[in-house]
Every structure is written in structure tokens, then in C-alpha cells.
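K.L.:
Just so you know, the protein sequences line up as chains A and B, in that order.
So in this note's numbering, the last spot in the first sequence is 109, and the numbers never skip.
So in this note's numbering, the last spot in the second sequence is 875, and the numbers never skip.
These are calculated hints, taken from the structure and not from any lab test.
Hints are supplied without guarantee of correctness; some may be wrong.
Some chain B residues near chain A, calculated using beta-carbon distances under 7 Å [claimed, not checked]:
| hint | residue |
| --- | --- |
| 1 | Y31 |
| 2 | G58 |
| 3 | I63 |
| 4 | D66 |
| 5 | T67 |
The beta carbon of each residue, even a glycine, is placed where N, CA and C say it ideally should be.
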Amino acid sequence: MADHPTELLKGTLDLLILRTLQLAPLHGAAIADRIAQTTRGTFRVKAGSLFPALHRLEQKGWLDGVWETSADGRRVKSYALTRSGRKQLEAEKANWRRIVGAMSQVLEG
Amino acid sequence: MQPFKRVARMCRTLFRARELDRDLDEELRAYVDDRIAARVAGGASPAEARRLVLAEEGGFESIKEDTRDTRAGFGVATLAQDLRYGWRTLRRSPGYAAVACLVLGLGIGANVAMFTVMRSVLWRPLPYPAPDRLVVLEADVQGVRNAGPSSREVHDLRIRSRALTELAVVNGVDAHVEIHGEIERVAAASVSADLLPALGVRPALGRLFDPRDGSVNGQVRRVIISDALWRRRLGADPAAVGSWITVNNTPREVIGVLPPDFPVFLPASTGVQEETHVWFPTGIAETSDARGEGVIGRLAGHASLADAQREIDLLAAQFAAERPTVYRDAVRFRLAGMREAVAGNVDAGLRALGLAVAFVLLVSCVNVANLTLARASGRVRELAVRRALGAGRGRIVRQLLTESLLLSVIGGGIGLLLGHWGVQLLEWLRPTHLPRQSEVGMDATIALFSVAISLAAGVLFGIVPAFRFGGADAQALRAGRADSPARGSRRLQRALVVVEIALSIVPLVAAGLMRRSFVNLSRAPLGFNPDRVVTAWMPVSFRQFPDVQARWRLHADVLARVRAVPGVEAASAGSPPPFHQLQFTRRYGRSGEATRAGRATQQTVTPGYFSVMGTKLVAGRDVTADDIVQRRPVVIVDARIARELWPRDAIGQRLAIQSGQRVTDLEVIGVTEPVRVKDIRDAGLPTLFVPYHLFAIEMALVIETDLPAPALEPVLRTIVQEAGTGRAVFDVWPLAVYVERSMADTRFIMLVLTAFAVVSLLLAGIGLYGTLTYLTMRRSREFGVRLALGASGWQILALVAREGLVLTAVGTVAGMLGALAAARAIRGLLYGVDAIDAGTLVSVAALVGVLSIASCLKPAWAAGRTDPTTALRAE
Numbered sequence: 001m002a003d004h005p006t007e008l009l010k011g012t013l014d015l016l017i018l019r020t021l022q023l024a025p026l027h028g029a030a031i032a033d034r035i036a037q038t039t040r041g042t043f044r045v046k047a048g049s050l051f052p053a054l055h056r057l058e059q060k061g062w063l064d065g066v067w068e069t070s071a072d073g074r075r076v077k078s079y080a081l082t083r084s085g086r087k088q089l090e091a092e093k094a095n096w097r098r099i100v101g102a103m104s105q106v107l108e109g
Numbered sequence: 001m002q003p004f005k006r007v008a009r010m011c012r013t014l015f016r017a018r019e020l021d022r023d024l025d026e027e028l029r030a031y032v033d034d035r036i037a038a039r040v041a042g043g044a045s046p047a048e049a050r051r052l053v054l055a056e057e058g059g060f061e062s063i064k065e066d067t068r069d070t071r072a073g074f075g076v077a078t079l080a081q082d083l084r085y086g087w088r089t090l091r092r093s094p095g096y097a098a099v100a101c102l103v104l105g106l107g108i109g110a111n112v113a114m115f116t117v118m119r120s121v122l123w124r125p126l127p128y129p130a131p132d133r134l135v136v137l138e139a140d141v142q143g144v145r146n147a148g149p150s151s152r153e154v155h156d157l158r159i160r161s162r163a164l165t166e167l168a169v170v171n172g173v174d175a176h177v178e179i180h181g182e183i184e185r186v187a188a189a190s191v192s193a194d195l196l197p198a199l200g201v202r203p204a205l206g207r208l209f210d211p212r213d214g215s216v217n218g219q220v221r222r223v224i225i226s227d228a229l230w231r232r233r234l235g236a237d238p239a240a241v242g243s244w245i246t247v248n249n250t251p252r253e254v255i256g257v258l259p260p261d262f263p264v265f266l267p268a269s270t271g272v273q274e275e276t277h278v279w280f281p282t283g284i285a286e287t288s289d290a291r292g293e294g295v296i297g298r299l300a301g302h303a304s305l306a307d308a309q310r311e312i313d314l315l316a317a318q319f320a321a322e323r324p325t326v327y328r329d330a331v332r333f334r335l336a337g338m339r340e341a342v343a344g345n346v347d348a349g350l351r352a353l354g355l356a357v358a359f360v361l362l363v364s365c366v367n368v369a370n371l372t373l374a375r376a377s378g379r380v381r382e383l384a385v386r387r388a389l390g391a392g393r394g395r396i397v398r399q400l401l402t403e404s405l406l407l408s409v410i411g412g413g414i415g416l417l418l419g420h421w422g423v424q425l426l427e428w429l430r431p432t433h434l435p436r437q438s439e440v441g442m443d444a445t446i447a448l449f450s451v452a453i454s455l456a457a458g459v460l461f462g463i464v465p466a467f468r469f470g471g472a473d474a475q476a477l478r479a480g481r482a483d484s485p486a487r488g489s490r491r492l493q494r495a496l497v498v499v500e501i502a503l504s505i506v507p508l509v510a511a512g513l514m515r516r517s518f519v520n521l522s523r524a525p526l527g528f529n530p531d532r533v534v535t536a537w538m539p540v541s542f543r544q545f546p547d548v549q550a551r552w553r554l555h556a557d558v559l560a561r562v563r564a565v566p567g568v569e570a571a572s573a574g575s576p577p578p579f580h581q582l583q584f585t586r587r588y589g590r591s592g593e594a595t596r597a598g599r600a601t602q603q604t605v606t607p608g609y610f611s612v613m614g615t616k617l618v619a620g621r622d623v624t625a626d627d628i629v630q631r632r633p634v635v636i637v638d639a640r641i642a643r644e645l646w647p648r649d650a651i652g653q654r655l656a657i658q659s660g661q662r663v664t665d666l667e668v669i670g671v672t673e674p675v676r677v678k679d680i681r682d683a684g685l686p687t688l689f690v691p692y693h694l695f696a697i698e699m700a701l702v703i704e705t706d707l708p709a710p711a712l713e714p715v716l717r718t719i720v721q722e723a724g725t726g727r728a729v730f731d732v733w734p735l736a737v738y739v740e741r742s743m744a745d746t747r748f749i750m751l752v753l754t755a756f757a758v759v760s761l762l763l764a765g766i767g768l769y770g771t772l773t774y775l776t777m778r779r780s781r782e783f784g785v786r787l788a789l790g791a792s793g794w795q796i797l798a799l800v801a802r803e804g805l806v807l808t809a810v811g812t813v814a815g816m817l818g819a820l821a822a823a824r825a826i827r828g829l830l831y832g833v834d835a836i837d838a839g840t841l842v843s844v845a846a847l848v849g850v851l852s853i854a855s856c857l858k859p860a861w862a863a864g865r866t867d868p869t870t871a872l873r874a875e
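Let the hints inform the model, and build the full structure from the sequences given.
P.N.:
Set out below in C-alpha cells:
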């Protein structure tokens, strides 16, 4: 599984990012690592899709990017979920479940 | 997100872009450092780790570009950047930019001018209330189109029709206004009380007519005058309302003055001019069956034009059933929208020109597309570098399109200016029959139109090069020689040149056909010679001279005095002058068979008329003063009638002429050569001439002289005033003016089409020259190799020249096919020339051939002189 990173479905990345930030604010590399970790390597997010997505979500007001100094003294931009971001996460979760439900019915039924 | 936050973000994107970019750089650097650190921790050397990370994550410049794209308002920021960049690029190649802008300016200018005219003349609603409900009522009786309804019919329709309201009568007439002893003739209209209110006009002073003003029995004593007449002749005196002025020998009370901006746009069939200065009231006589009334009205309620037409067809059937004797000839009423009726028959001509300008713009676009393509293929290296640095394909396409749009907007500006001049040029060319010409002008809609077509043109010519080269990539860089034109783009450029040439052929052929028509018209045998003849209308007051013989003596008196003027060789009178818009047609035939033969134009003549006009009498004699005094029933016919009815000898035969219900039998005393008076294009309508006493209409003097008309005018004025006709002479013009006017439309269309054709031919020449020059330049290395391998300079020259000529030949053939279709569309405007005219096609082909040789010369020469060492070393 880990050898074959899956293509991200359109819109899935947003959901993954929002879900990852639900627990704690993180910076770019950490978000990518956390996604790879929690999906056991199924999704490996590269900078090419990660940063456009982060900035898009920030533009929409769902994320709030803040410059911080990391543990090793470097300046990093860390992203936190805003209130409307939380609402969006719930909406996307519900939406995702509907899709999963529908797909399962098709595939198994 | 709340709107204000969004706006705040947009402002940041636009004005704090540098700060945002710095942040983004830092964020990505942190990310990369993090990744490298992770690999180093895994045991890789720092350099190896960096290489791997960069290879894995992809181009960071393009990541940055994608990220920036997500910013609110980034499109605007990009546009501004693209514009700045585009502007710099264009300034670096001013030659290309100047030619492109000029070419577009020409194309857009022609369209702006044409659109301005077409909008005002054809499409803009008339400046009256609910203009789309206004209709014109016409009546055709057997054989006579636009005979006009009769007063009685209007009266009955006003009562019976439910689909039409406000039916009003309006007819153009003359007014001879006498103020302080000086008589001046102005255009006037005789209108029923409903007309002016229907046009939504309010008097500036006084009042409009009420139904009592229009007395039916001719006792008309009131007038309304125009603002211009009020200012010019009455000193803009407010007390003029209620004062009396003498019009047509009768004192009349001025009851109102119309506002200065009241536009008069009525169908030509009513005979009302745009500059109408006197308005007479008229009633609608319930008892008159005389046809010829101009009638306008309004559709009632929700009735459509078709509803009204159906109703009026039924009413026509009722009329015929009620009074079968009057309606022996079937009458057909015809309703038309007033705007269409006002535009009249200029429609076809304007549409042909509109089509032609569209072609000009197309040629311009193709031309600029070609130039752009040539230039873009020279920029392949630049574009490839930009892609390698992270610009997306979409971004490059957008950049190239922005440059095109920048060009087209500048071109549009030039076009607006040229269009403005073009409209002024139209004023100068002044075709006679262009209705609503006074309304032709530029406004916001025109500006909007020019912006729209500029942008459309920009996209049109920019899109192909943009997509062709938006994809330029590392391949181009790796190829080393980035400026060797790709095979595909060369093919495209050649195709565009072919299209350009083909498109320019179409207006050329059309212009050629119009030119031949014009030449044919000016050589048409008229049956009279307009040189050295001056005409002048000489009306006579019917009130003062009710008797025909008294009027004839007055004419004879005036003519005797005119003949005594030094410089006058001969003088006579006849009417109406040839090609005057008013002409009388009659049915004619052998005695007893009047209705069976054809129709002819009828002219009224006096002794000596034919000799002044230069019309040859081929048999018999002229009319004499004695004929008129003795009231002899005689007629002179032209050779076409004589040949048709009495091929052996027409003299002494009896001709029957039908006018309305009345048939007159006349003895033929003379035969003239064929004379055209109704329409210069119409060789099929013969003419017959009756002496003054048989049809005593208003006459025009015809004077054979070398004196110019303006010199003659004061002399005639004095003579006529002394003779006491009670009216002013007017329109003292060379006879040639009438002839020129009858050809004015043809001349106008010919001139405009020629201008368009010249422009598009020039454009095609520029396109061919530019493309060949460019391709030759790009192939200099190939030529260098050929020369180095032993080819002669002449062979290279021939190679290039052949390419140019082949393109021309292909384009010409394609264009000819298009031209044949276009020629069919303008067939109605042609005269004496077939839509497929070998002569025109051959000369157009020759012209294009010469032009293409001229365009090939320089590039071919340059190619032949390629220096192989320089060409190869340029590597």
C-alpha cells in the first residue's frame, strides 16, 4: 500500500488538511507529515499541492496563518482552524460520508 | 466570508504583493529545510539530501505561481503585471506594434463609421413616442405601386379600423413665403390635425392644429412654422404668433412655432423633406377618391402589424363590394413599420457596405494574427525560458493574449478616430437619398461598439498565436536554435496569408463591379444631353392665373425675356426635369386599346424643349405655340413606343393615354430618340411628351447657355418677379445635377467599396510582405547551407518568389469563389454588368498578382543575397 501513494480525489485534500488541523495548529511540513502518518503513507502530499491548498483555504477564511518561532529557533508559518473552518470541516465530513455511503452501495450492492 | 474582509484581502494582494511574496518564499524555504533536515537525519549527506528533495517536490517557482493564483484579486494583479510587461515588450518592437495598431485601426475605423451610419439610418428607433407602433399606410392599385390611399379611404378607415388609430394625412408641398416683398420657396407639409401630436411634438410657441383648422374646401388660413424660419425671417419675435404672413399668395395667420430640435423623418413616399419649414392644416375629405395621400398611423392597443394588415385587407374587400365602379382596379393596402419605410431602399446598399467592412476587419485580424505569429515564433526562446522558470501554460497564453488585447485597444482608439473622420467624409460624399442623415453621429453606443469589436478583434487575432506558443517548453531550449520556425507554425502562417488574400479579393471584386456599373450608367444613352443646360423651377400662382392659356402666355413672356439675356442661346420649358423624384406614369396603347399596352413616363413640354435638351426628333415635328393656343390634341412619343405600336410609321396615328379612369386620344405628331426620365437604370420605360395645355403642371425652365447657374439665378429672379408669377424661381441648377443625383447612390457605394477594397488590398500586401520577409529571415541558415552547397543566388531568389506567388495564386482562387457569392448578393445594385464578370475578375487577379510580385521582390532579393558565411556563423 505504502509503495503506491494514491491520487488525491479532488476536494479530499481540503478535508484532510482541515481534519489534521482540528487537533492543533501546525506548519506546512508538519501537516504533510501528519497526513502521511495518519493515512499510513497512502497519501503523500507534495509542496506543489499543499501550499496552493493552504493558501486557498486561508483566503476562504477557514485557516488562519500565523508566523511563529519553532522549537529550533526558525520562523515558520503555522496554520490554525478558524471558527468557520470548523463549520466547513463538519460540512465536508458529512459530505464525505454521503459519498462513501453511496460508493459502497454501488460497489457492494 | 464577509465582503469587507474579502476586499481587504484583495487590497493586500494588489498593494502588498511584495510582502506576501517574501512571506511565501520564507514559508517554502522553511518547508524545504525541514525536508532536508529529515533526510540528513536519515543518513544522507546535506548536498545529496537537497538534490533529492528538490527533485522530489518539483519546481518551486511553479509552486509559488500556483499559490499566488489562489489569492483574492490575484487576477487583477496579474493583469496589471501582464499589461506592464506587454507594454514593455511592444515598446521593444515598435515597428510591429505600429503596423499592428494601424492595421487594426483601419479595420476598426471602417466598421465604426459603417456601424454609426447603419445604426442611425436603419436601426435606431425614430425619435417619436412609441416609435415601433408607428406605421405607414400605402396603397397599390393595378400596375401602380405606392399610388397612395385616397382621402375618402382614410376617412373610412379612421371610422372602421380597430387595429389602427391616429391615422393622419401628410403630404410634402412647396410654400412660397413672402415677407417684406421677397418671395422665398421652402419645403412644406400639408397635414391633418392628428399628425403633429402623433409625432409627439409640442409647440415652442402658440399651438398646434385642431381639426377645425383643416378646412376641406381649400380655405386654409393658418400655418405653423419651423423654428429656423421663425428665426431667419421673423427675427425670432415672440409676437410672430398671431401675426399674418403671406404664403402662396394668401395671407395666413401664424398660430404656432415648432421647437428647434423637432426632427422630421417621414417616408420618402409622402414627399415630406427633413427640412420642412411651413405646416399647412388639411382636412380629410370624405368625398375625394383621388389617390396619392401620404398616410401614417399607429397600431392600436396590442395589435400587431400582421393583425392590422389582416383587418385592412378585409376592409379593402368591403370597399370594393360597396362601390364596385370605383374599385374596378383592385386596390391593395400595405402597412409597413415607419422606421423601415423611412429607411426605404437604402437598406440593400448599406447592408452590402456593412458586409464589406466586416471583411476589412477580418482581413485586418488575419493580418495582425500573422504578424503576431511571426513575432511569437521569434520569441520561442523567451517563452521557453519563462516556462522553465515556472510560468504555467495558462499564464503564458494569458500574457500573449494580454499583449494582443493591448494592441487591439490602441488600434480601437485609432479606429474610433478614423471612424469619426469616416463619418465626416460621408457628409462630404453626401449621397442624396440617405434618410436621417442629420442624425448620423457618434455617441456612447458607438464608443461601446468600438471597444467591443476591438476586444473581439484582439481575441480573434491573438488566440491562435497564444495557444500555438503558450506551450513552448524545454524542447525549444534543448533544440538549441530556438528561432528556427517550427514546421507547423510556418504552415499556419502561409495559411493565414492565403486567407488574407482571399478575403481582400471579395471587396475588390465588389468594388470593380460597382465601378463598371457606374461607368455604364454614366455612358447610358439618356436621350438628352445635360451639358450646357440650366434648369429652374418656375411655379405660377394658380390663384392669380387660373386659366391655362393665361399661364401659357406668362410662360411665353418669361421665356422671351430669358432668351434676351446675353449668353443665353435658347430657352424653353418642360416638366418634370429628367430624374426628378416626381414623375408621372401613364398607361398607353393604340386608340381604343389603352389598357392593353405598357406604361410610359409622361412629360409636359413647350416649343423648343427638345432642341434645348438635345433630344433628337427622328420623325415628324416639334409642338408649336399654335398647338397650345389652338388646344390641339397632339403627342410626341419616343422611338420605343413608336416601334412597339406602329413599326412602319407612327406619324398621324392615334395614341390613347389612360390617366386614372380617363382615356385621352391624341394624334402622334413626332417621334424622338428613346428618352429616359424616370430612372437612369431603367431602359424599359418609354417616355411620351404632351404639350402644355394637355397637362398644365408646374414647369421648369430649361436654358441652353454657357453661363453658370449661380450667375443666372439673380437674372431669372428679376425676370420672374417682373413678369409677376406670384411665385419664386427655385432650384436653379445645371441639368447635370439631376443626372448626377440619379447616380449618387451607385457612386457612393462604389467609392466606399473602393476605399475598403484598397485598404484590404494594402493589408494583404503588408501581410504577404511581412510573412515572406519573416520566413526568409528565419530560413537564412538553410539558404546559407544551400548557397554553400552550390546553389546560386538566383535559385534562392526564385525559391522565395515562388513561395509568395503560390500563396497568392491559392488565395486568389479561393477569393474568387467567395467573390462570386458576394457578387450575387449585390446583383441588385449592378448595372450593365453581370454578377460574374470575366473582365472584373481578370483585372482583380492581375492587380493582386502585381501587388504580390511587389511584395515578394524585397524578401526574395534579400534571400538571394544571403551571405553563407554570415548565415552559418550566426549560430
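K.L.:
For each hint, tell me whether it holds in the structure or not.
P.N.:
Hint check results:
1. Y31: Since the shortest Cβ distance to chain A is 5 Å, the answer is holds.
2. G58: holds, 5 Å
3. I63: Check passed: Cβ of I63/B comes within 5 Å of chain A, closer than 7 Å.
4. D66: For D66/B, the interface hint holds, since the closest Cβ of chain A sits about 4 Å away, which is under 7 Å.
5. T67: holds, 5 Å
Checked against the numbered hints given earlier, this structure breaks none of them.
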